[in-house]
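Asker: Produce the entire structure from the sequences given, and follow the hints as far as they go.
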Amino acid sequence: FKLKQNNRKIILFYLLFYAALIGFFAAMLTIFYQTLDDKKPKWQLDRSLIGSNPGLGFRPMPPESNVESTLIWYKASDQTSTQYWIEQLEDFLKPYARERSHDEPVCHQGIPPPPGSDKVCDVKVTDWNPCTRSTGYNFNSTEGGPCIFLKLNKIFGWEPQYYNYSTLPDLMPSELRQHIKKKEDELSTKPNGLKVVWVSCEGENPGDIENIGPIHYYPNLGFEGQYFPFLNVHDYISPLVVVYFEKPTRGVLINIECKAWARNIVHDRAEKRGSVHFELMVDY
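Going from the sequence shown to our numbering is simple: count from 1 and add 706.
Certain hints may be false.
[Stated by the list, open to error] The list that follows gives simulated cross-link-like pairs (lysine to aspartate or glutamate, EDC-like), each with its CA atoms no further than 20 angstroms apart:
no. : residue 1 : residue 2
1   : Lys857    : Asp833
2   : Lys745    : Glu865
3   : Lys825    : Asp941
4   : Lys901    : Glu916
5   : Lys857    : Glu796
6   : Lys857    : Asp989
7   : Lys953    : Glu881
8   : Lys860    : Asp828
9   : Lys745    : Asp941
10  : Lys953    : Glu916
11  : Lys860    : Asp941
12  : Lys953    : Asp989
13  : Lys889    : Asp833
14  : Lys800    : Asp833
15  : Lys748    : Glu865
16  : Lys746    : Asp941
17  : Lys953    : Asp914
18  : Lys830    : Asp941
19  : Lys965    : Asp876
20  : Lys978    : Glu963
21  : Lys887    : Asp876
22  : Lys965    : Glu865
23  : Lys978    : Glu881
24  : Lys748    : Glu916
25  : Lys860    : Asp989
[Claimed, not checked] The following label-pair restraints were derived from C-beta to C-beta distances:
no. : residue 1 : residue 2 : range
26  : Pro935    : Thr955    : 16 to 24 angstroms
27  : Pro820    : Glu774    : 38 to 46 angstroms
28  : Thr955    : Gln867    : 33 to 41 angstroms
29  : Tyr720    : Ile756    : 40 to 48 angstroms
30  : Gly863    : Thr955    : 24 to 32 angstroms
In case anyone wonders, no lab produced these hints; they're calculated from the structure.
By construction, the Cβ of each residue, glycine as well, lies at the ideal position given by its N, Cα and C atoms.
Answerer: Right under this line is the structure:
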(Lines of atoms letter the chains of each structure in order from A and count residues from 1; the text may use other names and numbers.)
(Lines give C-alpha, C1' and ligand atoms only; values in the text may rest on other atoms or scores of the structure.)
Protein backbone atom coordinates (compact mmCIF):
# COMPACT_ATOMS: atom_id res chain seq x y z
CA PHE A 1 0.00 0.00 0.00
CA LYS A 2 2.82 2.40 0.91
CA LEU A 3 4.54 1.64 -2.42
CA LYS A 4 1.42 2.60 -4.37
CA GLN A 5 1.06 5.77 -2.32
CA ASN A 6 4.67 6.73 -3.01
CA ASN A 7 4.16 6.11 -6.72
CA ARG A 8 1.14 8.38 -6.72
CA LYS A 9 3.14 11.12 -5.00
CA ILE A 10 5.95 10.78 -7.53
CA ILE A 11 3.51 10.90 -10.44
CA LEU A 12 1.74 13.93 -8.93
CA PHE A 13 5.07 15.66 -8.38
CA TYR A 14 6.12 15.22 -12.00
CA LEU A 15 2.71 16.29 -13.28
CA LEU A 16 2.92 19.50 -11.27
CA PHE A 17 6.57 20.02 -12.20
CA TYR A 18 5.99 19.67 -15.94
CA ALA A 19 2.81 21.75 -15.76
CA ALA A 20 4.77 24.54 -14.08
CA LEU A 21 7.57 24.17 -16.64
CA ILE A 22 5.14 24.36 -19.55
CA GLY A 23 3.41 27.35 -17.98
CA PHE A 24 6.73 29.14 -17.48
CA PHE A 25 7.79 28.42 -21.08
CA ALA A 26 4.43 29.65 -22.41
CA ALA A 27 4.70 32.84 -20.36
CA MET A 28 8.25 33.52 -21.60
CA LEU A 29 7.18 32.83 -25.19
CA THR A 30 4.27 35.25 -24.83
CA ILE A 31 6.59 37.94 -23.48
CA PHE A 32 9.03 37.29 -26.34
CA TYR A 33 6.32 37.64 -28.98
CA GLN A 34 5.28 40.95 -27.43
CA THR A 35 8.70 42.33 -28.40
CA LEU A 36 8.28 41.38 -32.07
CA ASP A 37 6.70 43.46 -34.81
CA ASP A 38 4.97 41.54 -37.60
CA LYS A 39 5.75 44.39 -40.01
CA LYS A 40 9.47 44.80 -39.45
CA PRO A 41 12.37 42.68 -38.19
CA LYS A 42 13.86 43.26 -34.75
CA TRP A 43 17.40 43.32 -36.13
CA GLN A 44 17.93 45.37 -39.28
CA LEU A 45 20.65 46.11 -41.83
CA ASP A 46 24.15 45.48 -40.40
CA ARG A 47 22.69 44.02 -37.20
CA SER A 48 20.71 41.40 -39.14
CA LEU A 49 21.87 38.05 -40.49
CA ILE A 50 21.44 39.14 -44.12
CA GLY A 51 23.35 42.40 -43.61
CA SER A 52 23.02 45.58 -45.63
CA ASN A 53 24.49 44.55 -48.98
CA PRO A 54 21.73 43.31 -51.31
CA GLY A 55 22.26 40.41 -53.64
CA LEU A 56 21.08 40.27 -57.22
CA GLY A 57 18.90 37.45 -58.54
CA PHE A 58 17.75 36.36 -61.99
CA ARG A 59 14.74 34.63 -63.50
CA PRO A 60 13.97 32.19 -65.02
CA MET A 61 15.93 29.68 -62.95
CA PRO A 62 17.03 26.21 -64.06
CA PRO A 63 15.07 23.18 -62.78
CA GLU A 64 15.23 22.50 -59.03
CA SER A 65 16.50 18.99 -59.78
CA ASN A 66 19.86 20.63 -60.51
CA VAL A 67 19.99 23.17 -57.72
CA GLU A 68 23.62 24.16 -58.35
CA SER A 69 23.06 24.96 -62.02
CA THR A 70 22.88 28.52 -63.35
CA LEU A 71 22.64 27.51 -67.01
CA ILE A 72 19.83 28.80 -69.23
CA TRP A 73 19.93 26.45 -72.22
CA TYR A 74 17.30 25.83 -74.90
CA LYS A 75 16.73 25.19 -78.58
CA ALA A 76 14.98 28.17 -80.12
CA SER A 77 13.44 25.98 -82.83
CA ASP A 78 11.95 23.51 -80.32
CA GLN A 79 8.87 24.77 -78.45
CA THR A 80 9.07 21.95 -75.91
CA SER A 81 12.57 23.18 -75.09
CA THR A 82 11.47 26.78 -74.56
CA GLN A 83 8.19 26.01 -72.78
CA TYR A 84 9.83 25.36 -69.40
CA TRP A 85 11.52 28.76 -69.34
CA ILE A 86 8.39 30.60 -70.44
CA GLU A 87 6.29 28.88 -67.77
CA GLN A 88 8.88 29.72 -65.12
CA LEU A 89 8.66 33.39 -66.03
CA GLU A 90 4.87 33.39 -66.15
CA ASP A 91 4.75 31.91 -62.65
CA PHE A 92 7.32 34.40 -61.34
CA LEU A 93 5.50 37.38 -62.90
CA LYS A 94 2.01 36.56 -61.59
CA PRO A 95 2.18 39.22 -58.82
CA TYR A 96 2.99 41.84 -61.46
CA ALA A 97 -0.20 41.06 -63.37
CA ARG A 98 -2.47 41.75 -60.39
CA GLU A 99 -5.40 44.13 -60.72
CA ARG A 100 -4.33 47.65 -59.87
CA SER A 101 -6.01 49.70 -57.17
CA HIS A 102 -7.48 53.00 -58.32
CA ASP A 103 -5.85 54.84 -55.41
CA GLU A 104 -2.33 53.58 -56.09
CA PRO A 105 -0.03 56.58 -56.38
CA VAL A 106 1.54 57.58 -59.63
CA CYS A 107 5.15 57.58 -58.47
CA HIS A 108 7.57 60.00 -60.02
CA GLN A 109 11.06 58.82 -60.82
CA GLY A 110 13.23 58.69 -57.71
CA ILE A 111 10.49 59.84 -55.31
CA PRO A 112 8.96 57.16 -53.01
CA PRO A 113 5.53 57.50 -51.34
CA PRO A 114 5.47 59.76 -48.23
CA PRO A 115 6.92 58.25 -45.01
CA GLY A 116 4.29 56.34 -43.03
CA SER A 117 2.11 55.94 -46.11
CA ASP A 118 0.46 52.59 -46.86
CA LYS A 119 0.84 53.24 -50.59
CA VAL A 120 3.25 51.42 -52.90
CA CYS A 121 4.62 52.30 -56.30
CA ASP A 122 3.34 50.23 -59.18
CA VAL A 123 5.61 48.30 -61.55
CA LYS A 124 4.42 48.89 -65.10
CA VAL A 125 4.63 45.71 -67.15
CA THR A 126 3.86 47.72 -70.28
CA ASP A 127 7.36 49.20 -70.03
CA TRP A 128 8.95 45.79 -70.72
CA ASN A 129 8.16 45.61 -74.43
CA PRO A 130 9.41 43.56 -76.33
CA CYS A 131 9.91 41.29 -73.30
CA THR A 132 6.27 40.40 -72.74
CA ARG A 133 4.11 37.31 -72.45
CA SER A 134 2.79 37.76 -75.98
CA THR A 135 6.31 37.35 -77.38
CA GLY A 136 7.13 34.38 -75.13
CA TYR A 137 9.72 36.67 -73.51
CA ASN A 138 11.65 36.18 -76.75
CA PHE A 139 12.52 32.56 -75.99
CA ASN A 140 10.70 31.56 -79.19
CA SER A 141 12.57 34.05 -81.36
CA THR A 142 14.16 32.43 -84.40
CA GLU A 143 16.97 34.99 -84.48
CA GLY A 144 17.15 36.89 -81.20
CA GLY A 145 17.97 35.89 -77.65
CA PRO A 146 15.88 35.71 -74.47
CA CYS A 147 14.73 38.22 -71.90
CA ILE A 148 16.19 37.68 -68.42
CA PHE A 149 14.59 39.39 -65.40
CA LEU A 150 16.79 40.80 -62.62
CA LYS A 151 15.70 41.71 -59.09
CA LEU A 152 17.43 43.02 -55.99
CA ASN A 153 16.96 41.04 -52.79
CA LYS A 154 14.68 42.90 -50.41
CA ILE A 155 16.40 44.23 -47.27
CA PHE A 156 14.14 46.03 -44.80
CA GLY A 157 15.02 49.71 -44.49
CA TRP A 158 17.88 49.64 -46.98
CA GLU A 159 18.30 52.75 -49.13
CA PRO A 160 20.79 53.10 -51.96
CA GLN A 161 23.42 55.80 -51.88
CA TYR A 162 23.28 57.12 -55.41
CA TYR A 163 26.16 57.94 -57.69
CA ASN A 164 26.72 61.17 -59.51
CA TYR A 165 29.13 61.36 -62.42
CA SER A 166 32.06 62.55 -60.29
CA THR A 167 31.82 59.55 -57.93
CA LEU A 168 31.61 56.72 -60.48
CA PRO A 169 34.01 53.83 -59.81
CA ASP A 170 36.73 53.03 -62.33
CA LEU A 171 35.50 49.44 -62.68
CA MET A 172 32.08 50.53 -63.93
CA PRO A 173 31.57 49.67 -67.64
CA SER A 174 32.23 52.63 -69.92
CA GLU A 175 28.81 52.38 -71.60
CA LEU A 176 27.09 52.72 -68.23
CA ARG A 177 29.34 55.63 -67.26
CA GLN A 178 28.38 57.48 -70.44
CA HIS A 179 24.69 56.76 -69.82
CA ILE A 180 24.93 58.24 -66.31
CA LYS A 181 26.79 61.27 -67.66
CA LYS A 182 23.97 61.81 -70.15
CA LYS A 183 21.41 61.52 -67.35
CA GLU A 184 23.29 64.08 -65.28
CA ASP A 185 23.11 66.53 -68.17
CA GLU A 186 19.30 66.16 -68.11
CA LEU A 187 18.95 67.14 -64.44
CA SER A 188 17.28 70.43 -65.27
CA THR A 189 14.24 68.52 -66.52
CA LYS A 190 14.61 65.31 -64.46
CA PRO A 191 15.89 66.31 -61.00
CA ASN A 192 15.71 62.72 -59.74
CA GLY A 193 17.13 61.07 -62.84
CA LEU A 194 20.21 59.82 -61.02
CA LYS A 195 18.28 58.19 -58.18
CA VAL A 196 18.82 54.76 -59.67
CA VAL A 197 20.57 51.55 -58.63
CA TRP A 198 22.31 51.04 -61.95
CA VAL A 199 22.68 47.63 -63.61
CA SER A 200 25.25 46.27 -66.04
CA CYS A 201 25.54 42.85 -67.70
CA GLU A 202 28.71 41.72 -69.46
CA GLY A 203 30.44 38.64 -70.75
CA GLU A 204 32.93 37.44 -68.16
CA ASN A 205 35.76 36.47 -70.52
CA PRO A 206 37.00 37.83 -73.88
CA GLY A 207 35.21 35.03 -75.74
CA ASP A 208 31.99 35.74 -73.84
CA ILE A 209 32.23 39.45 -74.64
CA GLU A 210 32.63 38.62 -78.32
CA ASN A 211 29.61 36.28 -78.40
CA ILE A 212 27.13 38.03 -76.10
CA GLY A 213 25.85 40.50 -78.72
CA PRO A 214 23.87 43.72 -78.12
CA ILE A 215 22.12 44.10 -74.75
CA HIS A 216 19.05 46.23 -73.98
CA TYR A 217 17.54 47.08 -70.58
CA TYR A 218 13.87 47.73 -69.81
CA PRO A 219 12.30 49.93 -68.53
CA ASN A 220 15.56 51.55 -67.50
CA LEU A 221 19.21 50.79 -66.97
CA GLY A 222 18.57 50.14 -63.29
CA PHE A 223 16.16 50.07 -60.34
CA GLU A 224 14.61 53.51 -59.85
CA GLY A 225 14.67 55.19 -56.46
CA GLN A 226 10.92 55.38 -55.83
CA TYR A 227 10.93 51.70 -54.79
CA PHE A 228 13.30 52.25 -51.86
CA PRO A 229 13.38 51.69 -48.97
CA PHE A 230 11.47 48.41 -48.67
CA LEU A 231 9.26 48.73 -45.56
CA ASN A 232 7.08 45.61 -45.90
CA VAL A 233 4.03 47.62 -46.94
CA HIS A 234 1.12 45.47 -48.14
CA ASP A 235 1.06 44.89 -51.93
CA TYR A 236 4.68 45.98 -52.40
CA ILE A 237 6.33 44.22 -55.33
CA SER A 238 10.01 44.45 -56.17
CA PRO A 239 11.08 46.48 -59.19
CA LEU A 240 12.58 44.52 -62.05
CA VAL A 241 15.13 45.19 -64.75
CA VAL A 242 14.56 43.18 -67.91
CA VAL A 243 17.73 42.37 -69.83
CA TYR A 244 17.15 41.56 -73.49
CA PHE A 245 19.99 39.74 -75.22
CA GLU A 246 19.28 40.78 -78.78
CA LYS A 247 21.47 38.39 -80.74
CA PRO A 248 23.80 36.10 -78.79
CA THR A 249 25.90 33.72 -80.87
CA ARG A 250 24.03 30.44 -81.35
CA GLY A 251 25.50 27.16 -80.15
CA VAL A 252 28.02 28.83 -77.82
CA LEU A 253 28.04 28.79 -74.00
CA ILE A 254 28.26 32.39 -72.77
CA ASN A 255 29.25 33.25 -69.18
CA ILE A 256 27.45 36.39 -68.02
CA GLU A 257 27.83 38.54 -64.91
CA CYS A 258 25.31 41.23 -63.99
CA LYS A 259 26.08 43.82 -61.31
CA ALA A 260 24.04 46.31 -59.32
CA TRP A 261 25.74 49.68 -58.80
CA ALA A 262 25.31 52.04 -55.85
CA ARG A 263 27.84 53.61 -53.49
CA ASN A 264 26.78 51.27 -50.67
CA ILE A 265 26.75 48.06 -52.73
CA VAL A 266 29.92 45.99 -52.47
CA HIS A 267 30.71 43.45 -55.18
CA ASP A 268 31.94 40.07 -54.00
CA ARG A 269 31.66 37.29 -56.56
CA ALA A 270 32.53 34.53 -54.08
CA GLU A 271 29.90 35.68 -51.57
CA LYS A 272 27.38 36.52 -54.32
CA ARG A 273 27.03 40.08 -53.09
CA GLY A 274 25.93 42.83 -55.44
CA SER A 275 26.14 40.64 -58.54
CA VAL A 276 24.85 37.46 -60.14
CA HIS A 277 26.38 34.96 -62.55
CA PHE A 278 24.63 32.73 -65.05
CA GLU A 279 25.37 30.99 -68.33
CA LEU A 280 23.35 31.32 -71.52
CA MET A 281 23.33 28.89 -74.42
CA VAL A 282 20.89 29.21 -77.31
CA ASP A 283 21.01 26.29 -79.72
CA TYR A 284 19.70 26.27 -83.28
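Asker: Run through the hints listed earlier and report the numbers of any the structure violates, in increasing order.
Answerer: Per hint list: 4, 6, 23, 24, 25, 26 and 30 violated.
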